[in-house]
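*Asks:* In order, the protein sequence lines correspond to chains A and B. Going by the working numbering, the first residue of the first sequence is number 1, and it counts up by one from there. Going by the working numbering, the first residue of the second sequence is number 1, and it counts up by one from there.
No lab work stands behind these hints: they were computed from the structure. Source: prediction; values computed, not measured. Where a beta carbon is used, it is the ideal one built from N, C-alpha and C, also for glycine. Where hints are given, some of them may not hold.
What the simulated footprint calls covered on chain A by chain B, stretch by stretch (three residues with Cβ under 8 Å from a Cβ of chain B suffice, anywhere in the stretch; the number is not a length) [unchecked claim]:
| no. | stretch |
| --- | --- |
| 1 | 7-15 |
| 2 | 33-44 |
| 3 | 66-76 |
Letter by letter, the chains look like this.
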Amino acid sequence: MITTLLYSLTGLILFGMGLFTLITHSHPLRKILAVNVMSTGVFLILVATAYIPLGQGEVDPVPHAMVLTGIVVSVSVTALALILACRVQETSNLALLKRKEQAKTTKEVAG
Amino acid sequence: MSKIRNRRKRLDGFQRLLLLLVICLTTLLGTIILTIPENTPGLAGAVARLQERSGVESPVTAVLLNFRGYDTLLEVMVLLLAVIGVWSLAKAPFPQQVTDISPVQMGVVRLLAPLMCLVAAYLIWQGSHLAGGAFQGGAILGAAGVLMLVTELPWLRGIPALPLRIGLVLGPLLFVGVALSCLFLTGNLLGYPEGTAGWLILLIEAACAISVGLTLTSLFAGGRPENEIPDKHHPADHAPNGDRS
Chain A
1 MITTLLYSLT GLILFGMGLF TLITHSHPLR KILAVNVMST GVFLILVATA YIPLGQGEVD
61 PVPHAMVLTG IVVSVSVTAL ALILACRVQE TSNLALLKRK EQAKTTKEVA G
Chain B
1 MSKIRNRRKR LDGFQRLLLL LVICLTTLLG TIILTIPENT PGLAGAVARL QERSGVESPV
61 TAVLLNFRGY DTLLEVMVLL LAVIGVWSLA KAPFPQQVTD ISPVQMGVVR LLAPLMCLVA
121 AYLIWQGSHL AGGAFQGGAI LGAAGVLMLV TELPWLRGIP ALPLRIGLVL GPLLFVGVAL
181 SCLFLTGNLL GYPEGTAGWL ILLIEAACAI SVGLTLTSLF AGGRPENEIP DKHHPADHAP
241 NGDRS
């Protein structure tokens, strides 16, 4: 029980860290990484919750199947997000991918 | 170093408030996790009861492809959508001009790629009774594809565009086909007829593994391949392959 709880709380902390980074950082790569950290936390919680032992180490297979689905979806979401970030960097002069000083000047010019 | 230290100190009011809110949310979720009742029945019992009728022995595979096959169908569609999105956004830099690839890497990939295909096939087969299945096998296939991409094997450039696309949609199409035929035969979407579930699941898994492997490789390549299907209206755009339509 303690081990399961440890895994769940670790997943929860990962989720919180990812959420904070997702909101505070404007760099797309950091956002993508933050979403990945968040999803990893959620998977950890799901798998740990599935391992509440019922009798002789029996494991609920439904959360496992959900996590498998989730991993695949998160891989495809990451790939699509990375390509979108690359396109943003290539085609726009939005200052998302530049440093802060440059970003300010670009914003002033644009505004 | 000093720059990094300065950036760490700079937490303005908004960020502090946000940090507080995130900590509150985490604590709230933590109390929820702590108060999850132990020994809830869950769905393990229900899955175990219907295990014999599912056609496979592994409970996870049974959930993935039989009890909740609808989810897996949509998941395969999500993968296909991701590839379509990536392909419509960018062109792949692979395979590019062959540069100096170390002969060791070349030899290792030549040895590893067939072996990985074998392992993938074994994983798909194993999915019926142990951990394994379409996505694990597909991941191995995708890894083999990525290895071949970064090694820039010369024959990769010769892969025609049409078989690649057919391979990408093979899994989803077969899955939808099986689902629709089940709808006509038994009246339920993905309600396999009695006795055929095992073979149907293996068939779907094999096709999906090929599609997942190709999908992951295409996602890694990061764009559509250079050799497009020749466009009949603008044959001049694809001069190298333009005469092959």
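*Asks:* Next step is simple, just say for each hint if it's right about the structure.
*Replies:* So, going through the hints one by one against the coordinates:
| no. | hint | verdict |
| --- | --- | --- |
| 1 | 7-15 | holds (count 5) |
| 2 | 33-44 | violated (count 0) |
| 3 | 66-76 | holds (count 8) |
Going down the numbered hints, you'll see the structure goes against just number 2.
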